[in-house]
Amino acid sequence: MAITNFRLTTDEYTENFSDIHPPFENLTAALVEANRCIFCYDAPCIKSCPTSINVPKFIKQIATENIKGSAHTIFDSNIMGGGCSKVCPVEKLCEGSCVYNLMEEEPIQIARLQRYSTEKAIREKWPLFTRKPSNGKKVAVVGAGPAGLSCAHVLSRQGVDVTIYEKEAKGGGLMTYGIAAYKVTPEFCEDEVNYVLSLGGIEINYNQELGKNITLPELQSQYDAVYIGIGVGLARQLEIPGEHLEGVEDAISFIYDIRSKPFNQVKVGENVAVIGMGMTAIDAATQAKRLGAKQVTMVYRRTEAEMPCTQVELDIAKLDGCNIIWLAAPKEVLGVDGKATALVCSKMILGEPDASGRRSPIETGETIVLEVDMIIKAAGQMPFESLVSGLSLENKYGKITTDAHGVTSLNGVFAGGDCVNGGREVVDAVQAGKDGAAGILEFLSV
Amino acid sequence: MADISSNFLGIKSPNPFWLASAPPTDKKINVLRAFEAGWGGVVWKTLGTQVKNVSSRYSAVDYHGSRVMGFNNIELISDRPLDINLIEIKEVLKEFPDRAMVVSLMADNDRESWHELIKKVQDTGAHGLELNFGCPHGMTERGMGAAVGQDPEIARMVVEWVMEIATIPVITKLTPNVHSVVPTGLASVLGGTNALSLINTIQSVTGIDLDTLIPNPNVGGKSAFGGYCGPAVKPIALKFLTTIAQNEITRKVPVSGIGGISTWKDAVEFMLLGASNVQVCTAAMKHGFRIVEDMIEGLNYWMDDKGFKTLNDFIGKSVHTMSNWEDLDINYHVIANINQDKCVHCGLCYIACEDTSHQSITLDYGKPYNKYTIKEEECVGCNLCNLVCPVDDCITMVEHRKADEYMNWKDFQRLGLPLNDH
Numbered sequence: 001m002a003i004t005n006f007r008l009t010t011d012e013y014t015e016n017f018s019d020i021h022p023p024f025e026n027l028t029a030a031l032v033e034a035n036r037c038i039f040c041y042d043a044p045c046i047k048s049c050p051t052s053i054n055v056p057k058f059i060k061q062i063a064t065e066n067i068k069g070s071a072h073t074i075f076d077s078n079i080m081g082g083g084c085s086k087v088c089p090v091e092k093l094c095e096g097s098c099v100y101n102l103m104e105e106e107p108i109q110i111a112r113l114q115r116y117s118t119e120k121a122i123r124e125k126w127p128l129f130t131r132k133p134s135n136g137k138k139v140a141v142v143g144a145g146p147a148g149l150s151c152a153h154v155l156s157r158q159g160v161d162v163t164i165y166e167k168e169a170k171g172g173g174l175m176t177y178g179i180a181a182y183k184v185t186p187e188f189c190e191d192e193v194n195y196v197l198s199l200g201g202i203e204i205n206y207n208q209e210l211g212k213n214i215t216l217p218e219l220q221s222q223y224d225a226v227y228i229g230i231g232v233g234l235a236r237q238l239e240i241p242g243e244h245l246e247g248v249e250d251a252i253s254f255i256y257d258i259r260s261k262p263f264n265q266v267k268v269g270e271n272v273a274v275i276g277m278g279m280t281a282i283d284a285a286t287q288a289k290r291l292g293a294k295q296v297t298m299v300y301r302r303t304e305a306e307m308p309c310t311q312v313e314l315d316i317a318k319l320d321g322c323n324i325i326w327l328a329a330p331k332e333v334l335g336v337d338g339k340a341t342a343l344v345c346s347k348m349i350l351g352e353p354d355a356s357g358r359r360s361p362i363e364t365g366e367t368i369v370l371e372v373d374m375i376i377k378a379a380g381q382m383p384f385e386s387l388v389s390g391l392s393l394e395n396k397y398g399k400i401t402t403d404a405h406g407v408t409s410l411n412g413v414f415a416g417g418d419c420v421n422g423g424r425e426v427v428d429a430v431q432a433g434k435d436g437a438a439g440i441l442e443f444l445s446v
Numbered sequence: 001m002a003d004i005s006s007n008f009l010g011i012k013s014p015n016p017f018w019l020a021s022a023p024p025t026d027k028k029i030n031v032l033r034a035f036e037a038g039w040g041g042v043v044w045k046t047l048g049t050q051v052k053n054v055s056s057r058y059s060a061v062d063y064h065g066s067r068v069m070g071f072n073n074i075e076l077i078s079d080r081p082l083d084i085n086l087i088e089i090k091e092v093l094k095e096f097p098d099r100a101m102v103v104s105l106m107a108d109n110d111r112e113s114w115h116e117l118i119k120k121v122q123d124t125g126a127h128g129l130e131l132n133f134g135c136p137h138g139m140t141e142r143g144m145g146a147a148v149g150q151d152p153e154i155a156r157m158v159v160e161w162v163m164e165i166a167t168i169p170v171i172t173k174l175t176p177n178v179h180s181v182v183p184t185g186l187a188s189v190l191g192g193t194n195a196l197s198l199i200n201t202i203q204s205v206t207g208i209d210l211d212t213l214i215p216n217p218n219v220g221g222k223s224a225f226g227g228y229c230g231p232a233v234k235p236i237a238l239k240f241l242t243t244i245a246q247n248e249i250t251r252k253v254p255v256s257g258i259g260g261i262s263t264w265k266d267a268v269e270f271m272l273l274g275a276s277n278v279q280v281c282t283a284a285m286k287h288g289f290r291i292v293e294d295m296i297e298g299l300n301y302w303m304d305d306k307g308f309k310t311l312n313d314f315i316g317k318s319v320h321t322m323s324n325w326e327d328l329d330i331n332y333h334v335i336a337n338i339n340q341d342k343c344v345h346c347g348l349c350y351i352a353c354e355d356t357s358h359q360s361i362t363l364d365y366g367k368p369y370n371k372y373t374i375k376e377e378e379c380v381g382c383n384l385c386n387l388v389c390p391v392d393d394c395i396t397m398v399e400h401r402k403a404d405e406y407m408n409w410k411d412f413q414r415l416g417l418p419l420n421d422h
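Sequences listed follow chains A and B, in order. Under the UniProt record's numbering, the first residue of the first sequence is numbered 1, with each subsequent residue one higher. Under the UniProt record's numbering, the first residue of the second sequence is numbered 1, with each subsequent residue one higher.
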């Protein structure tokens, strides 16, 4: 059987894509966990959060059943705190630095506690913020992803009227279109965007793409400032023979399909190879498996020691039954009748560290051949280079260059998030949005 | 193994753990279950004038997710008919002759009522009597319970009436709802009581339901002061116990310790401060009678480890170390030390010292972990950092005497030494 949809029953899809980290079932469960927290002073978890959420404070607030207060504490630092509680790699951020790790005890379940109060706030639509009266300043934000929404929220709280231009039909960006479905549901993403907008003063124009429906000069002339948060979104090509064959797809569009269609509409192969070992590669591999692929093999050209994903993520892939081949680099895709049938990989060994500081792989001359009918490329993402170059903004291979507070080379134009840093966590983008808003407020003298 | 059998005024029990006069001891079925579980004795729930209890009756204080740190009740003495209680006491005595059976009593404030009640109870063959001078709610309005315990003269009078007719040992149970338990304890001893027990419950309001705004326990929209007990009251009970153990006269009678005892360790602490045995209630109400298994075993192992062969080897052993403040050694000094290998950098020691004590800890910022060190010259040795540190043996208090000789506050004043020179 080749690439096809409807591999599973509705119940199987539902089970495979149900919440991977279930929330606390009730208040008591949250209280017991909250009361484990020792309320550190100048806590390491705060310093390890890119948005500097006052974690001990919000946990103490849960412990005293001041749930509204805890949600306010979280959202005040991170308006996407609900989504972040589901998608953040907390094992390398807040929970990774919890002092309990040094006592060789399980760290406080910070993400789960954060989820407890933020989900409640979003579900019950608590109006925790009010915006200052409009001051007549108008700002355009390009992109309704984490950076754009976070920037818009901070601006609107200060009385700035914000218009967001979003190329997709829904807001949320990476959260809505680029993350494994068992981490966040489309419903949650929609509710989260609506919660951000409930502040007022923020309007989103959907299906408006920069460079296609709108131009930067137009925005500059119509608004007092512009914030660009367009993310990344182009898959890095492998540049190997056979890459054009049917069955070779990139992870971004594969995940986009899963997030924007019913599960039974998404086609997946029977024997799938996933190239790469980053978070996106894991999301692609695990979801291919959960869509019903018989065999999923992840191929990575270095070793476990150099992989970009966290151990927790790798464990998800392993528990889902994905095979992993370390030290193998794709060399050629073979096909029959225009359809991919096999992936030829070079066996590698590790040499000296490269520019990234990781030991770079060197070909050994030996190859291995994987019989596959689908190949998902997750070998990195690239900025929208041609779009960015056309904006006459200073950039490096498409990554927009900024100073502190998102200041770009164009007066009144600010940028942040993945389009500046090349692709990091959602929580980094949220902080970039806050930084950009600070720059804009300063620029507008608000 | 050590011998943990107890002899309290000739009342023998295989171990020093008795159940206090309370709901767990108000009928045969409970007491039989208690004895089957291993309890050494019981004080049968207070018998006296017929009463009617309300519903609801209990409330509790939780702390940091832990249930029932403090417990409160507005229950009165036994609401079961006296005759039934007397029959059941007799039946239990027959089934478990080796366990202590003490009966708590509270009569109207006249000689006849006390005499009549005591005669009936003594007829059952019970081993001892406990006079309830402590119940802080309901009965006080009628001049009974704590109303007696709060007035040494009345207490002495009642004890004298009791002793006129008592043929078995009499224990007088004291109320903590006084500035000191010593006056009533003293009056009771002078009135002839054979022993004391303490403490009864402390009058309290445990809390208010923030939805209904009605204090707990809610009896149809109203509440009343209740009697507080459970782990939260243990330090207060130990204080009252110590004052009885320190008094020249009250120290001469045996004391049964009561107040928040939940484990063998609590029991040992009460006994080290002068109690000959202990009575338990709240812990059993929270976990059932089975807790006594660990109490018996834990006490046994501890005594073996310490080389104590019988209970008398350690009863009262800590009393002499409780001193007056003015007799404490001013030249004794300790300084905190943080073991950097064990430190988890939580900063609790720092913020506690900085905000509320003597600013004796230095903070060196780091990401994500700060470093904390003691400023030895500033440290007054208060223990606060050590108390709040979440890691065992990370902060230790190291002895640095100010001088070799012992000097107390009285000597200090006599010598005219400078103040404000820590």
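It is possible that part of the hints are untrue.
[Stated by the list, open to error] With a straight-line cut-off of 30 Å between C-alpha atoms, the simulated DSBU-like cross-links for lysine-lysine are:
{"no.": "1", "chain 1": "A", "residue 1": "Lys92", "chain 2": "B", "residue 2": "Lys52"}
{"no.": "2", "chain 1": "A", "residue 1": "Lys47", "chain 2": "B", "residue 2": "Lys371"}
{"no.": "3", "chain 1": "A", "residue 1": "Lys57", "chain 2": "B", "residue 2": "Lys222"}
{"no.": "4", "chain 1": "B", "residue 1": "Lys90", "chain 2": "A", "residue 2": "Lys47"}
{"no.": "5", "chain 1": "B", "residue 1": "Lys342", "chain 2": "A", "residue 2": "Lys92"}
{"no.": "6", "chain 1": "B", "residue 1": "Lys410", "chain 2": "A", "residue 2": "Lys57"}
{"no.": "7", "chain 1": "B", "residue 1": "Lys367", "chain 2": "A", "residue 2": "Lys57"}
[What the hints assert, rightly or not] Here are the in silico distance ranges between beta carbons for each label pair:
{"no.": "8", "chain 1": "A", "residue 1": "Ser253", "chain 2": "B", "residue 2": "Thr373", "range": "40 to 46 Å"}
{"no.": "9", "chain 1": "B", "residue 1": "Leu363", "chain 2": "A", "residue 2": "Asn323", "range": "29 to 35 Å"}
{"no.": "10", "chain 1": "B", "residue 1": "Glu293", "chain 2": "A", "residue 2": "Gly357", "range": "34 to 40 Å"}
{"no.": "11", "chain 1": "B", "residue 1": "Thr242", "chain 2": "A", "residue 2": "Leu319", "range": "31 to 37 Å"}
{"no.": "12", "chain 1": "A", "residue 1": "Ala404", "chain 2": "B", "residue 2": "Leu363", "range": "45 to 51 Å"}
{"no.": "13", "chain 1": "B", "residue 1": "Val54", "chain 2": "A", "residue 2": "Thr9", "range": "57 to 63 Å"}
{"no.": "14", "chain 1": "B", "residue 1": "Leu415", "chain 2": "A", "residue 2": "Glu104", "range": "20 to 26 Å"}
{"no.": "15", "chain 1": "A", "residue 1": "Leu27", "chain 2": "B", "residue 2": "His179", "range": "48 to 54 Å"}
{"no.": "16", "chain 1": "A", "residue 1": "Glu106", "chain 2": "B", "residue 2": "Leu363", "range": "45 to 51 Å"}
{"no.": "17", "chain 1": "B", "residue 1": "Val398", "chain 2": "A", "residue 2": "His21", "range": "55 to 61 Å"}
If you are wondering where the hints come from, they were derived from the structure by calculation, not from laboratory data. Glycine is no exception: its CB is placed at the ideal position from the N, C-alpha and C atoms.
Tested hints:
no. : hint                            : result
1   : A:Lys92 / B:Lys52               : violated (62 Å)
2   : A:Lys47 / B:Lys371              : holds (15 Å)
3   : A:Lys57 / B:Lys222              : violated (36 Å)
4   : B:Lys90 / A:Lys47               : violated (69 Å)
5   : B:Lys342 / A:Lys92              : holds (22 Å)
6   : B:Lys410 / A:Lys57              : violated (47 Å)
7   : B:Lys367 / A:Lys57              : holds (19 Å)
8   : A:Ser253 / B:Thr373: 40 to 46 Å : violated (55 Å)
9   : B:Leu363 / A:Asn323: 29 to 35 Å : violated (50 Å)
10  : B:Glu293 / A:Gly357: 34 to 40 Å : violated (60 Å)
11  : B:Thr242 / A:Leu319: 31 to 37 Å : violated (59 Å)
12  : A:Ala404 / B:Leu363: 45 to 51 Å : violated (27 Å)
13  : B:Val54 / A:Thr9: 57 to 63 Å    : holds (58 Å)
14  : B:Leu415 / A:Glu104: 20 to 26 Å : violated (52 Å)
15  : A:Leu27 / B:His179: 48 to 54 Å  : violated (41 Å)
16  : A:Glu106 / B:Leu363: 45 to 51 Å : violated (27 Å)
17  : B:Val398 / A:His21: 55 to 61 Å  : violated (45 Å)
Going down the numbered hints, you'll see the structure goes against 1, 3, 4, 6, 8, 9, 10, 11, 12, 14, 15, 16 and 17, while the others check out.
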